[in-house]
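Residues in the sequence shown are numbered consecutively from 609, following our numbering.
It is possible that part of the hints are untrue.
[Claimed, not checked] With a straight-line Cα cutoff of 20 Å, these simulated EDC-like cross-link-like pairs (lysine to aspartate or glutamate) come out:
1. LYS709 to GLU655
2. LYS716 to GLU683
3. LYS693 to GLU683
[Unchecked claim] Here are the simulated distance ranges between beta carbons:
4. TYR614 to ASP641: 39 to 45 Å
5. ASP642 to LYS716: 33 to 39 Å
6. LYS693 to HIS624: 17 to 23 Å
7. ARG632 to GLN665: 16 to 22 Å
8. ARG654 to ASN719: 41 to 47 Å
9. PRO672 to ASP698: 17 to 23 Å
10. TYR686 to THR628: 28 to 34 Å
11. ASN679 to THR628: 20 to 26 Å
12. LEU662 to ASP635: 35 to 41 Å
13. ASP641 to THR671: 19 to 25 Å
14. LEU662 to GLN618: 14 to 20 Å
15. MET645 to PRO615: 39 to 45 Å
16. PRO672 to THR628: 38 to 44 Å
None of these hints come from the bench; they were simulated from the model. All values derive from a computational prediction rather than experimental measurement. Positions of the beta carbon are idealized from the N, C-alpha and C atoms, including for glycine.
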Amino acid sequence: MRTEAYPYEQLITTLHQCMTACNRCYDACLEEDDLTMMRYCIRVDRECSDMCSLFEQALTRNTPFIKELANACMEICYACAEECKKHDHDHCQACADACMKCVEECKKVLN
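Given the sequences, and given the hints that come with them, work out the whole structure.
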């Protein structure tokens with residue numbers, strides 16, 4: 609049985625929090641009055657959520673593609689954060705914050 613801390617524990621936690629924030633934002637965006645204005649936000653929320661979920665799962669099975677996935681995840685999370693920052697909704701701002709935390713954790717893997 610392993611007793612040492614898993615090296616990517618913080619990243620896994622951050623990925624899960626980002627995925628959750630993106631799903632909440634996605635769901636809340638669907639309830640907004642102007643869906644046309646929210647269309648791209650909804651799209652990047654879904655892409656980001658899916659990427660974070662994939663990367664989280666891959667890390668738990670010790671993927672050999674950590675750097676490649678970290679780079680892709682970082683780019684997608686950054687795009688999602690930038691889009692969400694454009695909207696004043698609380699769910700968008702919370703999502704942007706979660707995405708930027710994920711970007712920072714992914715950067716640590718790449719350094």
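A quick look at each hint next to the structure:
1. LYS709 to GLU655: holds, 17 Å
2. LYS716 to GLU683: With a Cα-Cα distance of about 14 Å, the restraint between LYS716 and GLU683 holds, given a limit of 20 Å.
3. LYS693 to GLU683: holds, 15 Å
4. TYR614 to ASP641: 39 to 45 Å: holds, 44 Å
5. ASP642 to LYS716: 33 to 39 Å: For ASP642 and LYS716 the Cβ distance comes to about 37 Å; the hint holds.
6. LYS693 to HIS624: 17 to 23 Å: holds, 22 Å
7. ARG632 to GLN665: 16 to 22 Å: holds, 20 Å
8. ARG654 to ASN719: 41 to 47 Å: violated, 29 Å
9. PRO672 to ASP698: 17 to 23 Å: violated, 39 Å
10. TYR686 to THR628: 28 to 34 Å: Violated, at about 18 Å.
11. ASN679 to THR628: 20 to 26 Å: holds, 22 Å
12. LEU662 to ASP635: 35 to 41 Å: violated, 20 Å
13. ASP641 to THR671: 19 to 25 Å: Given a distance of about 41 Å, which is not inside 19 to 25 Å, the answer is violated.
14. LEU662 to GLN618: 14 to 20 Å: Because 18 Å falls inside the window, the suggested range holds.
15. MET645 to PRO615: 39 to 45 Å: holds, 41 Å
16. PRO672 to THR628: 38 to 44 Å: violated, 27 Å
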